[in-house]
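Given next are the chains, with one letter for each unit.
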Amino acid sequence: MVATDRDFDDCPDIAKSAPTLLREFSYRLNEALACGCDDSSSELDVTSVVSQIEPFQDSPQLIDPILEDTVVAVCRAFLATRRQWHCRILYVLVKIRGPKTVSRFFPNDVALLERILCEMEESEGENRQWESRYVLLTWLSVLVLTPFNLSSTGNNIACRIYALTCKYICAPGREREAAASALARYLVRADTQAKYLPKYMEDSKAVSTSNIFAILGTTATIAALFSLSSPQDLEQFLPQISVVLTSMKRSQNASANAHLRKVLCKATYRLALCSLALCSSEVPESVENCLGELISTALADKDTLVRYSASKAISRVAQTLTKIDHENVFVPEIIDNLFASCFPDSKDAAADSRTADRWHGGLLALAELLRRHVLAFPEYAMKLLDLTRAGLRFEIRMTTHAIGANVRDAACYVAWSLFRHYPGLCNGNHATTKLVQETLSELTLVACFDREVNNRRAAAAAVQECIGRHSEVVENLETGIVLVQSLDYFAIGSRAHACLEISRRTFKLGVPHGMKEFLIERVICSWDVEMRRLAGKALALIVSDEEVAGEYALKLLDMAKELPDGKSFDERHGYIYALGEVLDILPSNDPTIPTIIQRLKIIFDSMQFPAHQASILYDAALHVIGPAASLFCPNGHDIPQTYMTIIEESLSRTGEDPSTSTVHSSACSAVSRLPNGIVDAHRWIEYAKTGRPGFVLALGSLRPHVDESVIISLCDLASASQKEYDISIRVASVRAFDALLSSDGDWVSDSPLYISKILVALTCGLQDYTTLPSRGDIGSHLRRASIKTITAHATKLFSSSESSDETIILTNLVRISLEKMDKLRLDSLRSLRVIVPLLRIDATEIQQITAEPECKNDDILTNAHGQYFNHMIRLCGSTVSSHSRAATLGLAACVGGGTGESVVRAARDAVMNFLAATEMADKSRRFVRSAVELFIEKAEPAPSTVNRTSPKRDFEIAELISLFFDTNALAEEQSSLYVQIYNKAARLYTLATKTNNAQRVGVTIGLFSGLFTAANASGKVKEAAARKVVGVLIGDMKQARQAASDALFLLATENGAEQVEEILSEIDWATCDNKEALKDAEKRICESLLRTG
Amino acid sequence: MGLLSTIRKQKLKDKEIRLLMLGLDNAGKTTIVKQLLGEDVKSVSPTLGFNIKTVDWHGYKLNIWDVGGQSSLRPFWRNYFEKTDAILWVVDASSLDRLQDCKVELDKVVQEDRLTGAGLLILVNKIDVIATEESRTAVLDLVNDTLQIDKITNHNCTVLACSAYTGENLKEGLSWIADEVKQRLYKFD
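Here the protein sequences line up with chains P and G, keeping their order.
According to the working numbering, the first sequence is numbered sequentially starting from 1.
According to the working numbering, the second sequence is numbered sequentially starting from 1.
Only chain P is shown next, with the shape it has when bound in the complex (with noise of 0.2 Å):
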């Protein structure tokens, strides 16, 4: 497997892009506030401004060197203007930079203090925006720290912000953040403080009864009021707070609020510190209360929020605390407390999710105490690196799925920080390297075989760490180096890379300890299935390597034996398919082969496949039949029954879910490798004719015994219709011809006739359009596979072919890369560029075509329908008049293909340009040609005889020509021709009006139309289109009045019939129910239209 960089690349770096993307932003904004764009101004496109700047979510930084010029010009237009959009450009810069530091850029002038504020108290009326009020409020709260005495400036102005400001601290939205940080420093104000800080104190008291918002924005104001008052200040309130805080804590909406619990955690602790800068040596208890409940409640949350704030606040204490701590008695108390706390020591205590949140919370809350030193002491290092591993290999199985993956990482997070934080800590003795190289052992293992990417990642960054900062681990320096280099941040971006080829590449080394037994015991028991296939070929991989595959074969045996009955299945089908695996690469002569057949014959005859788990256990058996018996049996002698009974139980399974599918490739694959002469193909074939998919699909993997019948069979059964075989055995039959035409068997060269019988079989494949009511366009699904089929085995397909042959596949290949549905029209597309080449005929102009870069841009092919249709109506107008037509019957299903949809629109556009286009005047007439007489049958579409219900297509076709009279491109055609376009919408219109479809009658209203617009239609001709709109106008079907009265007042109005007019106005034709009232208005019509000829 080769990897590139790209492959794994998840994670392109905005830093190269920065610069380009800072450039558009400023040139689109100030192209905006130079305009003066109001809010509602047509030019003005606030989202495509953000978007520029929104991409730095990540990397704040960046926006740095524009941040400063850019909030000033939007305060300064905001200022002079009002708009909201400038308020929306501020926010998305506070969202993306944060309001600290945007904040400081905000004009700051004194007078402006009054200004915002009468700025929020208008905002009632108006219809501000929450992010104008968030802004406006951040503002303020810079205004507020104005050195200035506040009762000075008049106006009431000190009462009006603390009125403002406590109204906010309960919006609902986000506002209340900036509004609890504007009263937060409101309060601390030396003029304000002595008169409103009580007054707030004592309001806040009743707050824990109130809203949650209210509640919140409390909770969030006492947060900021410790981070910006000095403690002496605050001391006289502490006991209230205490009180207000412990009231919020118990009330409902904590618990029922992870942001209001967070927003708790970083008020509780502060209070913690606040308490402890007060105090002159004895450690208050209510800090020991404020830690103990830390560690027990908020670290443990069930959200992770939660717990991040509850390990930064405990890990911030403690830092504290060993600065007063001189006897280091309280801080190891702290942590004995944390890990009796987080991990407990009692096994038996059932695994559940709270085991999984404490544990997370606890690894968390060490990584940050290793990050503060304050977990500095040698004795923890063997504690720490035990914990460590345990949280690595953290894991708790659930019914269908595991948790934990969350402890793995933060347990990645603590590694990483232990080695980085402490440089010393081997420091020459032998126990701790010891544990320090198996910590390193069990990240390789995390860094090759977790599940999710991010703990792979995390865990080789810890091992770069542990090399770097450790070298002394490893045995020598290069083994270091080359562990580092395997475990590269890009190339174990992908699973299967990781799995397969890094693990291999580390085992060589030496350096994981125990990685088969990880495999075994861990990954290969995985909850999900793809992990475990990919473990069991990691596993044969290494045992291969070692040439120990028979002890790990025997050992899967036994492990798989051992299992209880009617349980563990993900393990059993983990172990079985392991053991697939590893059969796969042993030698054939290995010593252990009795034994292991023998073994394999006791597992097999007793093993059971209930229901609900039949299809993994399905595919784990059939991963080992096949092996087996190409080693085991090599002349076909002594496969047991059980095999072929499996083989054939899987076979049998119907069903559309991907399960089936599995099951039914995995025993297709067993069924490649049987000796030749086990199956009994004729029972097969008649098995297959009772409509199992599973056995058409088994007859393709027979090779390369297959014989005659096989094929024909085959060919049959693809080329059925649906009144005899469900459209699924037509695709299992052309998907065998897909594994059939893989083989390297020689029958292909041998007999060009199968070939002959094979591509014939494919051409009705690709003319499959069976539609059912309730499952829809069914035929695409064969037209897919045949395509599929073709165009892989193209040159074996084509080595020999007649060019007839030739003709009807290139034919329909041509017409599909027109037709409406997505993936079919690039398949087939992409398939023509592969078979043309290998075609005797000419195709020349569909090589150019399809070869051109537009048809190898797969952004143009999946997201421009436009470009594509634009570039693809080409070929309508091909030299080749079948070529052509196929082309445009393609095409025609697209523009006929209903309203409203974009390839619609694209197709039509493209029908449009293409005759506008001077330069493609001969092609565009070739055509407008193949149309008209596929239209009046004056030519069958054939050979790509379509076996479709012909009226869809007519009609279809009929769009399209109705739009070449729109587009004036059969304005000029000879008399005798309108005729006929005549004589074949009459019969549409007929059968139209027959099954009393509205839609289809429009389109031939669509026809009659532009036959009265045609200058050479004759007056005969004129006139019978006219009568059959007209006659529309009576009929039944509204929906069509409506449109024959559009059609009949634009033939009005161009030939200056102002009575008709007149007519048509006088009623409302789609609604109108007053039969005698139509009656006289198209007796009237008919009347004038006869005068004005």
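FYI, nobody ran anything at the bench for these hints, they're computed from the structure.
Predicted model only: the values in this text are computed from it and were never measured.
Don't take every hint at face value.
[Said to hold, decoys possible] Label pairs and their in silico Cβ distance ranges:
1) P:H612 to G:K9: 42 to 52 Å
2) P:S296 to G:G59: 30 to 40 Å
3) P:E121 to G:T158: 46 to 56 Å
4) P:E121 to G:G59: 52 to 62 Å
Even glycine gets a Cβ: it sits at the ideal position worked out from N, Cα and C.
Starting from the known structure of chain P, arrange chain G on it as the hints suggest.
Using the frame of chain P, we list chain G on its own:
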């Protein structure tokens, strides 16, 4: 918000800078680190593995990744927790005949997308063996010309002469790196 974004924010608060030390073998990379850490510089053997050392520098933590001259470099561009903030490229002033090789290697680094934006300091080491001021200037000119420093556009870049042995100009180099990173990442601190 996941663990990763928390850690990234924290790293910024902690003012940590990840500095990748590169250059041909025997350019003196490890000696530079040793001198900066005040360790003995008289005996240094070729770096086979790689070493990470942390130097406190005016409130910043410079994590210096000293990667052996022969290593494949891609694994060092970034990891899960951090990416490269600055590159220190060491040139050996006493073996100018290898400047062309040096340019080839440097180009690979300079053109690496994932390093775009990182500050680039080029240290011309072992300048102490060149006696006169005049010849020192000539060496620097030659380095500038051969490495085509003026054509490097996606990195802030500067060239300094230094001596790992005597310690000359090393602190100036670190200052330049810290200032450059500060300009980009800590502009408003």
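For this session: Hint by hint, work out which the structure violates, then give me just those numbers in ascending order.
Result: Hint check: 4 fails alone, others pass.
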